[in-house]
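Engineer: Below, each chain spelled out in residue letters.
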Amino acid sequence: MTINLKAPQCKPVSESKGAQMHDLVQELYPICRSITGDGVRQTLRILQQHIPLEIKEVPTGTPAFDWVVPKEWNIRDAYIKNERGEKVVDFAEHNLHVVNYSTPVETYLPLAELKKHLHTLPDQPGLIPYKTSYYKPDWGFCLTHEQYLALEDGMYEVCIDASLEDGSLTYGEYVIPGESTDEVLLSCHVCHPSLCNDNLSGIVVATYLAKALQQQHNKFTYRFLFVPGTIGSITWLSQNEEKIPAIKHGLVLTLLGDEAGFTYKRSREGNYKIDTVVEHLLAESGKKYQVIDFFPYGYDERQYCSPAFNMPVGCLMRSQHGQFPEYHTSADDLAFVKPAQLEESLIFLEEVLDVLENDATYLNTNPKCEPQLGRRGLYDSLVGKSDKKSREMAMFWILNLSDGRYSLLAIAKRSGIPFKIIKVVAGVLISHGLLIPAVYNAAE
Amino acid sequence: MTINLKAPQCKPVSESKGAQMHDLVQELYPICRSITGDGVRQTLRILQQHIPLEIKEVPTGTPAFDWVVPKEWNIRDAYIKNERGEKVVDFAEHNLHVVNYSTPVETYLPLAELKKHLHTLPDQPGLIPYKTSYYKPDWGFCLTHEQYLALEDGMYEVCIDASLEDGSLTYGEYVIPGESTDEVLLSCHVCHPSLCNDNLSGIVVATYLAKALQQQHNKFTYRFLFVPGTIGSITWLSQNEEKIPAIKHGLVLTLLGDEAGFTYKRSREGNYKIDTVVEHLLAESGKKYQVIDFFPYGYDERQYCSPAFNMPVGCLMRSQHGQFPEYHTSADDLAFVKPAQLEESLIFLEEVLDVLENDATYLNTNPKCEPQLGRRGLYDSLVGKSDKKSREMAMFWILNLSDGRYSLLAIAKRSGIPFKIIKVVAGVLISHGLLIPAVYNAAE
Amino acid sequence: MTINLKAPQCKPVSESKGAQMHDLVQELYPICRSITGDGVRQTLRILQQHIPLEIKEVPTGTPAFDWVVPKEWNIRDAYIKNERGEKVVDFAEHNLHVVNYSTPVETYLPLAELKKHLHTLPDQPGLIPYKTSYYKPDWGFCLTHEQYLALEDGMYEVCIDASLEDGSLTYGEYVIPGESTDEVLLSCHVCHPSLCNDNLSGIVVATYLAKALQQQHNKFTYRFLFVPGTIGSITWLSQNEEKIPAIKHGLVLTLLGDEAGFTYKRSREGNYKIDTVVEHLLAESGKKYQVIDFFPYGYDERQYCSPAFNMPVGCLMRSQHGQFPEYHTSADDLAFVKPAQLEESLIFLEEVLDVLENDATYLNTNPKCEPQLGRRGLYDSLVGKSDKKSREMAMFWILNLSDGRYSLLAIAKRSGIPFKIIKVVAGVLISHGLLIPAVYNAAE
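Residue numbers (my numbering), protein chains in the order written: chain A, 1 to 444; chain B, 1 to 444; chain C, 1 to 444.
Same shape as in the complex, but just chain A (with noise of 0.2 Å):
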């Protein structure tokens, strides 16, 4: 079941964090992950080395509000062999030559027959194809259209040997907790099989991430779920209904690590907190990003964001699903996605967390006019630094705008200058007497 790579090597510890995190992409690429068996399973057990998340199973047939778990996919091997016996198509060379969830076959067909089966790339005569057929039953291979035109007449022997049963659904979670009961969502999906960065990038990134929030205080509660698309997120939330309120912000993590800017899609009501967050990070960033309004197709953020939850939810992605030409082909392979920019994405959320963990609105102790820094030392603390300028507006802006109505990130939205100046200058200000906190509100 498991194509031949290179085996993962041991590393030294020094190594950057996006050189680690594509090492686990490269050791998660073998494995055929679909909505269910045990490619996810093995898949979250690699992840349970990183952290300490939780393997739910819920049984075939649950259901899930307009859906029921389906059967069990797993599958062993694939072939098409022609009559001289060669196996012209072969699942032990790439799982993408198998529809995903392929009904159990083994029959013998001539062409014309099996062409009806048979899925490719017309346009793009190198790569395989990504098919899947989850819930009408059927099955298929894919192959490259060069492998295709090459296919002799005559009768083909076909072999899928899988299984289609009563089993379960498998999923991850992880919690994180923090300070408060407020909770901060990080999503993504675990069901493609050898694909990198659709969506490999996005469970390596939301591991780090999760490594990261493990080893320090953090304010919101945090939890990362590692799902299934579609049927993986409508049956958590069927699930765990009574949790749906308390998730204040959330993201759906995938396709981290291509070289394209940052993509983000808003949530749906595209002005939750989230979206402001993301928003001015990504615009101060200086970089070449985009900002998407909300739709209701592409991943997770379609159930998340459905009318009865409607939930503060946006979806980080650098290339957009179908925008790519290697999306969904066996060109979104291991050299498609950077160890450069899955580490930038990791840091760019991290940074996205700073500011939900310290945006915070505070007073000023000294509204009428303002207060008389020099006497308190406060310019010549900034004597030296090398954005003494954009403290000491910071300061000014601080003062004037903390009347209850301005959050720190509003002020840093409002001036210009950095959130992450604003939050050490507060820091300065509050240790001061200057500023208070107003009324705390993790949600705001």
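Hints are computed from structural coordinates only; laboratory data are not their basis.
Every clue listed holds true.
Here are the simulated lysine-lysine pairs, DSS-like style, with alpha carbons at most 25 Å apart:
hint: 1; chain 1: A; residue 1: Lys243; chain 2: A; residue 2: Lys219
hint: 2; chain 1: B; residue 1: Lys116; chain 2: C; residue 2: Lys385
hint: 3; chain 1: C; residue 1: Lys136; chain 2: A; residue 2: Lys385
hint: 4; chain 1: A; residue 1: Lys368; chain 2: C; residue 2: Lys273
hint: 5; chain 1: B; residue 1: Lys219; chain 2: B; residue 2: Lys413
hint: 6; chain 1: B; residue 1: Lys115; chain 2: C; residue 2: Lys385
hint: 7; chain 1: C; residue 1: Lys116; chain 2: A; residue 2: Lys385
hint: 8; chain 1: C; residue 1: Lys388; chain 2: B; residue 2: Lys136
hint: 9; chain 1: B; residue 1: Lys420; chain 2: B; residue 2: Lys385
hint: 10; chain 1: A; residue 1: Lys368; chain 2: C; residue 2: Lys71
Got chain A sorted already, so can you dock chains B and C onto it with the hints?
Structural biologist: Structure of chains B and C alone, referenced to chain A:
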């Protein structure tokens, strides 16, 4: 009183609506209309051959808010003769030759005196201008500047065989009852003599729109007004104040036959539903158009949008009044309005009314996550449709946004999918029980 | 303490206001002002020759919110002599040569030690910078970089014959009572020594504005403040908190004599009426200008717009502080400010106040349809007026929008017709009984 025009010919029934409307323009063109008098009566009687409109008479002297219904004006003949007894200006040749509402005159004048009563367009020397003097007793002739320059010194005989006497103001009204007593108002002015775009185009498009509506079941009640400009709408409003609250949407129809793109002039509020509907349809039409803000000048929207009424009435035009060289001249003739544009105007108005009739707010009956569309055959139902992708996205959008806050029109606007697709797909979802009506509100 | 300047000469009365204001700048230029001391007193006494302002004294040590009124600073003489006894830097030649608020010094220093107290502008080697050290006891000299480079090694005699003692802070205040106790605040800083644009320009324009206002009947009460920057406005606010609520509109006046277009810095809220008025007049002026958002740096708007007060106070400038090369240097001299620009600033401010004085909301007494203007001679009244078309449209706009929701200014903005035409035409409509005042609200 008529000028020499080819008589209307018998046309085949299969003739396009554009051609039929142009024929009707041609039939109405020779009649000398004014704000009162037999010209309006004759016009309305011809319209009665198409729609059963009521012809109403309001006596001279009837108060109408700050105004009073004026004396009735009728004209039989008018000319200017030179010393040789030759008619140098002759009303029989063109209705525009006499200043509309001229008082009767029979006199001899030297050229210098006569000139005080002559109106020309020096910059458009081949055209006769259109002039009126409704509320200030006066008389005059309009002629081409070429005619004017050719006038020789000497005495002239001037005759205007007109009457200005107690009578009545005449207008037409046609109400097509609908399921609801909520109304849509369609208003056009009928006072201009031989000018085709302004406003025979509006008159015939309104007539054909009424013809279409009377043959179908409508949600709204439709009220058509064929009124003389200003005094006609003021008179109607003053006698029908109690009917105003029922009017939920309205349009003034004028200048609908020339070759320019549509101009939509918003209601005074600018964000009534009629504004939203017309602007959305123009935007998605892919054609050139302009939307302009309300201003208190133009046609009867001035009265409908006066501060006490502030009705939801916009104005649909092609060229804008005063903005094209043929405006209020003899060049606004039969050649200036085109069958194709008359028909396009009619079709566009039918689309506007279709949105008003069919827009409604629905509730997704499965608001928790997406319903399983495949199980219901909803994907299969799209196979082979040329707009398959739009319809599939329309399903997702309608389900996602049908939370009670979005009408179908709002969904069309947010999704960028044409209303007509949204409407059809909503029907499919209703038939599958996935959508049910929210509270009905015709005025929404 | 004064530098060698031509004495003011007797001018003819017919001299333009711009020239008169420039003369006053010239008279005030030689005085060495600071945030306290005789320079401010002398300045205010000269202004008393134009307007009856009160000179107020607030003793050293008086608390003012987070601040305290400082000791009073006065200077008689200051110089640096070389070993040959030659004055190489001489306060008598330019007030800027001494760091404002320098502590008294009489000592001998080698050049290397002296240099620690010297300030120059290496990039503008011919200009003397302007430096202060109000709240940190220190002394220093400012000189051109050319002078600095010419200093020879050796010992120098340094003398600053100044005093820093208990005394008082001096400011000027002039209140012109109006029909209402609602106030308009005009504030300018009077602390800068020989700098013409910053802020003799603001001082003289404020003075001439007060001169004009005191000769007319005003709706508002006008309060003019001539205060030292920062500590002056803080002191005034701390002693007059109960007066703040009556201030409905306000402007800080500064940098009003250079040749740049106007810069308007909005109030902290950004949408107070003063903001709307100034922005509308700038937009319709047809001249180059810029409007910038509030930021908590600049002049006394920092205090007026501190969070507890958040007053409706903007700042009118031409060039913006810190954004022109002459800023805070000896090049901000008599040649840098121009009579024409001083006059233009004055006229613009008079227009601003004219809108504040005359804006009001009226009700159309004939709100049902248009009133019949012709019957009242209102069209005839326009005949021959060069702005006939604007006045006619102004009639329609005023009548259409006077429903209680639109003030005359709002009508000017929506119609695009200048306020001054709207005001005049409204007067005509009032005189015909077509318009009556809605509820009076000076702060509207």
